[in-house]
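Quick note, the sequences are listed as chains A and B, same order. Under this note's numbering, the residue at position 71 of the first sequence is numbered 71, and the numbers go up by one with no gaps. Under this note's numbering, the residue at position 82 of the second sequence is numbered 82, and the numbers go up by one with no gaps.
Just so you know, the hints here were simulated from the structure itself, not pulled from any lab data. This list has only true hints and no planted wrong ones.
Pairs of lysine-lysine, DSBU-like flavour, derived with a Cα cap of 30 Å:
| hint | chain 1 | residue 1 | chain 2 | residue 2 |
| --- | --- | --- | --- | --- |
| 1 | A | K69 | B | K199 |
| 2 | A | K25 | A | K2 |
| 3 | A | K6 | A | K69 |
| 4 | A | K25 | B | K199 |
| 5 | A | K70 | A | K2 |
| 6 | A | K65 | B | K199 |
| 7 | A | K65 | A | K25 |
Nothing here was measured: the structure is a model prediction, and the numbers come from that model.
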Amino acid sequence: MKSLIKLSEHFDALSSRPAGAEARKQLLMLLSGVSTQVIIDFEFRKVSPSFADESIGLIAAELGKSEFKKRLKIINTTEQARAILKHVIKTRVTQSDYRDEIAVAH
Amino acid sequence: MFQVSSSEVAEFVESLPNLQYGSLTLPPFIKPFHLAFLASSCRINGYELSINHQNERYINRMGLYEAIGQQPPSRVFRCNQAGRIVEARAITSVDNVPGLASEISSMFQNCVSQATEDDLSILISELLQNCCAHSVAPDQRPFGLVCGQAWPNGGLAQIAIVDTGVGIEESLSNNEALSERLESSSHCQLACEYGITGKPNSTHSGYGLALAKGLAEQHSGRLIVLSGNELYICGNGQNSSVHLNSAWQGTAIIFEWNVNVALDTGAVYSEWPTPATMEEDEYDEIFD
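Model the full assembly from the supplied sequences, consistent with the hints where possible.
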């Protein structure tokens, strides 16, 4: 089952780490329930780096590349929002992969 | 109109100790950074803010007294200054940051485009969060002061954020990986690099000052970061550090930009380093 979440219904502004952490919590709850895929609607709102990192970046790190790609879809983003979201996803997934490699090596 | 210079800021900060003798001299042309330093200094030292200056009405109008919890000497007449003035606001909790950032950026709506206003809001939000997260010891409440002004005829605007917290050096010293670089580099300059944070084991990423620096450099703006005995200036051909004779106990960020040029956070993000192992379009498929 696919679920749609409109961030504006839950957050006044997509610009702080606390709001990003709350968004992550809500998205992970959806993902751990019956949703096979969650569609996140940004409704062309401005997104700060800290919100993007704390929400989408850390979910990407937690799920890993293939699971993240399979289970999340992001729609209605501005160019700026897309740029920072892609950046935090790539950065967090790489950091997470690196930590996993270190853990295996030890 | 000339952009703020390192000597202008350094001289004023070095003169702040004169406040205790009541002999601080304000320059004829007062800018937001003067006011933010002045009010923060009075608050941290417990001095009464007492201004004998030709621009007393302007200073009163900027809300300095209220921002540091003091009674203004006279009633303030507030006409609509949207697009020109950001009155001094206290930053005391990260919960207030999104609202404050949005309110401050909207003050410039008459002289910047909607896209720039949005990007300003993002920048201010990142910088105010830094103020709350990095300026204080864990058991303290944050306190910072933000104010700003636009001079549309001069094509310039300035935002100043001044806090009286632990300062950048102490904040970055919590990150052991930076200890060698802190010995040899300007800590204010280091703090402006992408990905530099004093909280490496938290989720903090060091994006705020890197974004400010990127915007200043890409759009002929100016960023000054001052903490302790150091001042770092970048943007519009500048990239240097200055040693101050008098330390500021906390951190100050002064950001100036040309109001006739659109800010573009997207252009700054695209310059940030991405993992070499990834293709540019690696995650394109998740976006619709």
